[in-house]
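K.L.:
The chain contents come next:
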Amino acid sequence: MSDAGVIHDIGYQRYEGPRLGRTAVFGAIYQHGLRASFGLGRSAKAKIFPWLVAGIVLLVAVINAAVKAQANIILFDYFSFDDTMSWLVIFFVAIVAPELVSRDMRSGVLPLYFSRPLRAFDYIGAKFVALATAVFLLLGVPQLIMFLGGAFTTKNGASGVWNEFLDLLPGWGYSLLWAVLFASISLLIASVTGKRAFAAGGIVAFFLMTAPIVGVLSILPSSTAQHLAGLASPMSLLTGVQSWLRGKNDLGLDVGDFGVIYGIELFCLVVAAMLLLLARYRKVASL
Amino acid sequence: MTIIATQSLTKTYNGGVTALSELTVDVEAGVIGLVGANGAGKSTFIKIMLGLTAPTSGDVRVFGLDPVTETDQVRARVGYMPENDCLPPDVSAAEFVTHLGRLSGLPRTAARERASEALRHVGLYEERYRQIGGYSTGMKQRVKLAQALVHDPDLLLLDEPTNGLDPAGRDAMLNLVHRIGNEFGISVVVCSHLLGEVERICDSLIAIEGGRLLRADRISAMTGASDVLAVEVSEGTDELAEALTQLQLTVSREGRLLLVPLTAESDYDAILRAVAELDLPLHRLDQRRHRVAELFTAKETADV
Chain V
1 MSDAGVIHDI GYQRYEGPRL GRTAVFGAIY QHGLRASFGL GRSAKAKIFP WLVAGIVLLV
61 AVINAAVKAQ ANIILFDYFS FDDTMSWLVI FFVAIVAPEL VSRDMRSGVL PLYFSRPLRA
121 FDYIGAKFVA LATAVFLLLG VPQLIMFLGG AFTTKNGASG VWNEFLDLLP GWGYSLLWAV
181 LFASISLLIA SVTGKRAFAA GGIVAFFLMT APIVGVLSIL PSSTAQHLAG LASPMSLLTG
241 VQSWLRGKND LGLDVGDFGV IYGIELFCLV VAAMLLLLAR YRKVASL
Chain L
288 MTIIATQSLT KTYNGGVTAL SELTVDVEAG VIGLVGANGA GKSTFIKIML GLTAPTSGDV
348 RVFGLDPVTE TDQVRARVGY MPENDCLPPD VSAAEFVTHL GRLSGLPRTA ARERASEALR
408 HVGLYEERYR QIGGYSTGMK QRVKLAQALV HDPDLLLLDE PTNGLDPAGR DAMLNLVHRI
468 GNEFGISVVV CSHLLGEVER ICDSLIAIEG GRLLRADRIS AMTGASDVLA VEVSEGTDEL
528 AEALTQLQLT VSREGRLLLV PLTAESDYDA ILRAVAELDL PLHRLDQRRH RVAELFTAKE
588 TADV
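Going down the list, the protein sequences come from chains V and L. So that you can map any letter, position 52 of the first sequence is 52 in my numbering, and since no number is skipped, the others follow by simple counting. With positions in the second sequence counted from 1, the corresponding number in my numbering is that position plus 287.
One should not assume that every hint holds.
Said to hold, decoys possible - Some chain V residues well away from chain L (every beta-carbon gap over 12 Å; in silico):
| # | residue |
| --- | --- |
| 1 | Ile56 |
| 2 | Leu110 |
| 3 | Leu112 |
| 4 | Val141 |
| 5 | Leu168 |
| 6 | Gly173 |
| 7 | Met209 |
| 8 | Asp254 |
| 9 | Glu265 |
| 10 | Leu269 |
Unchecked claim - Straight-line distance between alpha carbons at most 30 Å, and here's what the computed DSSO-like set of lysine-lysine pairs gives:
| # | chain 1 | residue 1 | chain 2 | residue 2 |
| --- | --- | --- | --- | --- |
| 11 | V | Lys195 | V | Lys45 |
| 12 | L | Lys427 | V | Lys283 |
| 13 | V | Lys248 | V | Lys155 |
| 14 | V | Lys68 | V | Lys248 |
| 15 | V | Lys283 | V | Lys195 |
| 16 | L | Lys427 | V | Lys248 |
| 17 | V | Lys45 | L | Lys427 |
| 18 | V | Lys68 | V | Lys155 |
| 19 | L | Lys427 | V | Lys47 |
| 20 | V | Lys195 | V | Lys47 |
Just so you know, these hints were derived from the structure itself, not from any lab. Using N, Cα and C, we set each Cβ at its ideal position, and we do this for glycine too.
Sequences and hints are given; from them, build the entire structure.
P.N.:
So this is what it looks like as structure tokens:
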């Protein structure tokens with residue numbers, strides 16, 4: 001009955017549509033976190049750093065692929081690429097982890113989150129998966145570029161591509177280990193403070209401080225100490241896990257027969273960090 | 288319809304501080320004022336209703352649901368506006384409210400539409416794509432209200448919604464709350480330590496002090512029929528007082544105002560006629576309810 005061209009004040013309308021469950025809420029936080037990791041939906045300032053790091057990593061991958069194609073010199077394989085980029089990964093998580101958790105704490109937005117149908121686990125789980133995805137993309141996409149470079153210049157046809165792909169898969173798996181370990185530790189450190197600068201400093205400091213300990217331990221006379229030295233730092237821990245899984249001892253770290261201990265520590269570190277995070281957010285969630 | 292029911296609700300914090308003690312109250316739908324001094328237990332009551340903290344003893348039901356065990360169902364139907372600053376400065380209001388709508392379980396497009404709607408209802412439609420950091424305090428309070436409204440709750444819990452607002456902003460916020468309660472069909476619990484502020488817009492009042500229930504009743508029951516008419520004329524106040532006294536009305540003076548208690552329907556017309564007959568320049572004719580505050584003070588002194 002309404003006349004065309006008349007603007008009606010429709011007033012308040014009740015929402016009759018579907019209400020989704022906790023899985024969808026988890027997905028919403030995850031998506032929001034992953035976008036925030038690369039500064040999407042944020043100001044231009046927030047995009048500078050993540051994309052600077054991503055740009056450098058991509059550039060290295062492109063150069064690596066080009067050098068391999070032109071001169072047949074292999075600068076890095078898929079594994080040593082991750083090891084070489086470790087500093088950039090540290091800087092990346094030092095900026096992004098506080099962006100994901102400290103920021104929410106600082107602005108006091110958490111009471112708004114936790115007065116809605118979600119739990120501490122949903123919140124921190126989604127943030128963790130988002131940061132781990134971001135770190136994996138940071139390493140995995142350049143690895144993919146290296147793979148494409150290798151696949152297009154292979155001289156062995158389809159089997160050459162397939163072999164290259166079989167090299168890429170464990171490389172991706174290794175990047176995933178990096179992503180999981182660095183995401184859990186950096187989120188734990190960032191969740192302590194609402195001040196982003198402090199959180200970033202704390203994360204860089206943690207990863208920086210542990211490196212010299214490995215150096216000291218590895219020059220001790222005891223061979224057991226040398227084998228276990230890599231446990232002291234997350235970066236060398238991952239190298240140790242790699243040499244355990246690949247059975248190689250020429251990666252700058254000799255793990256001897258202790259490889260399995262590296263694997264156990266990696267698992268325990270991630271689980272412990274997640275449990276501490278959960279405990280921390282249980283407390284925050286009850287305000 | 289009873290929306291909130293508590294049965295000897297008690298909350299004692301670990302340090303032995305009792306925030307709520309033996310609170311028993313039934314709350315009907317409508318706009319409800321929850322008044323009490325700072326530290327009276329208002330915020331604790333809200334947290335218990337949201338399932339953020341469990342009561343030490345006693346029982347609480349929101350829409351017949353237990354917030355301790357059926358937390359998600361309760362929270363899906365309740366919108367919460369906290370007292371403190373809770374907005375990130377570097378996102379736009381539209382994006383922020385949309386995100387919180389999705390956290391309440393709305394699908395993406397529905398969340399975006401509802402966010403625009405909620406921001407329109409609080410009067411921020413034009414400014415919704417600006418970053419929140421550039422908003423005034425009044426606008427920030429409106430964003431906080433919009434995020435509580437985005438998932439179309441059946442009950443709003445507003446903790447000190449007029450905090451930090453100037454008088455005009457207070458009035459606007461209170462009018463908005465009144466509209467939500469009466470036009471949107473959403474029940475609202477308004478927490479405040481300013482009784483005079485909430486009594487204007489509330490259907491019923493719950494007053495707590497030191498965690499104990501002071502009084503809970505409908506405003507109409509509290510004030511009864513004891514309405515007062517305030518008359519102000521720019522000259523001839525004395526003559527009017529005399530004329531009204533002759534009409535068997537009890538007249539008291541308050542500054543330049545004449546206060547006349549209305550006991551019968553016809554009193555109002557009688558007063559008007561008296562003014563007209565004396566041909567006085569009428570300045571103000573104001574029907575006042577007894578201020579609820581007077582009732583509380585009277586009761587408290589009686590208790591002592």
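K.L.:
Hints first: check each against the structure and report whether it holds.
P.N.:
Status of each hint after checking the structure:
1. Ile56: Check passes; 25 Å lies beyond 12 Å.
2. Leu110: Label violated. Min Cβ-Cβ 8 Å, cutoff 12 Å.
3. Leu112: violated (5 Å)
4. Val141: holds (26 Å)
5. Leu168: For leucine 168/V, whose nearest Cβ neighbour in chain L is about 34 Å away, the distance exceeds 12 Å, so it holds.
6. Gly173: Consistent with the label, glycine 173/V stays out of reach of chain L, its closest Cβ about 32 Å off (over 12 Å).
7. Met209: At roughly 31 Å from the nearest Cβ of chain L, methionine 209/V sits farther out than 12 Å, so the non-interface label holds.
8. Asp254: holds (48 Å)
9. Glu265: holds (36 Å)
10. Leu269: holds (30 Å)
11. Lys195/V - Lys45/V: Between lysine 195/V and lysine 45/V the Cα gap is close to 17 Å, so the pair holds against 30 Å.
12. Lys427/L - Lys283/V: Holds, at about 27 Å.
13. Lys248/V - Lys155/V: At roughly 28 Å apart (the allowed maximum being 30 Å), lysine 155/V and lysine 248/V satisfy the hint.
14. Lys68/V - Lys248/V: At roughly 23 Å apart (the allowed maximum being 30 Å), lysine 248/V and lysine 68/V satisfy the hint.
15. Lys283/V - Lys195/V: holds (19 Å)
16. Lys427/L - Lys248/V: violated (59 Å)
17. Lys45/V - Lys427/L: Distance of about 23 Å is within 30 Å: holds.
18. Lys68/V - Lys155/V: holds (13 Å)
19. Lys427/L - Lys47/V: Holds - the C-alpha atoms of lysine 47/V and lysine 427/L are around 26 Å apart, at most 30 Å.
20. Lys195/V - Lys47/V: Answer holds: lysine 195/V to lysine 47/V is near 19 Å, not above 30 Å.
Consistency with the previously given hints fails for numbers 2, 3, 16, ordered from lowest to highest.
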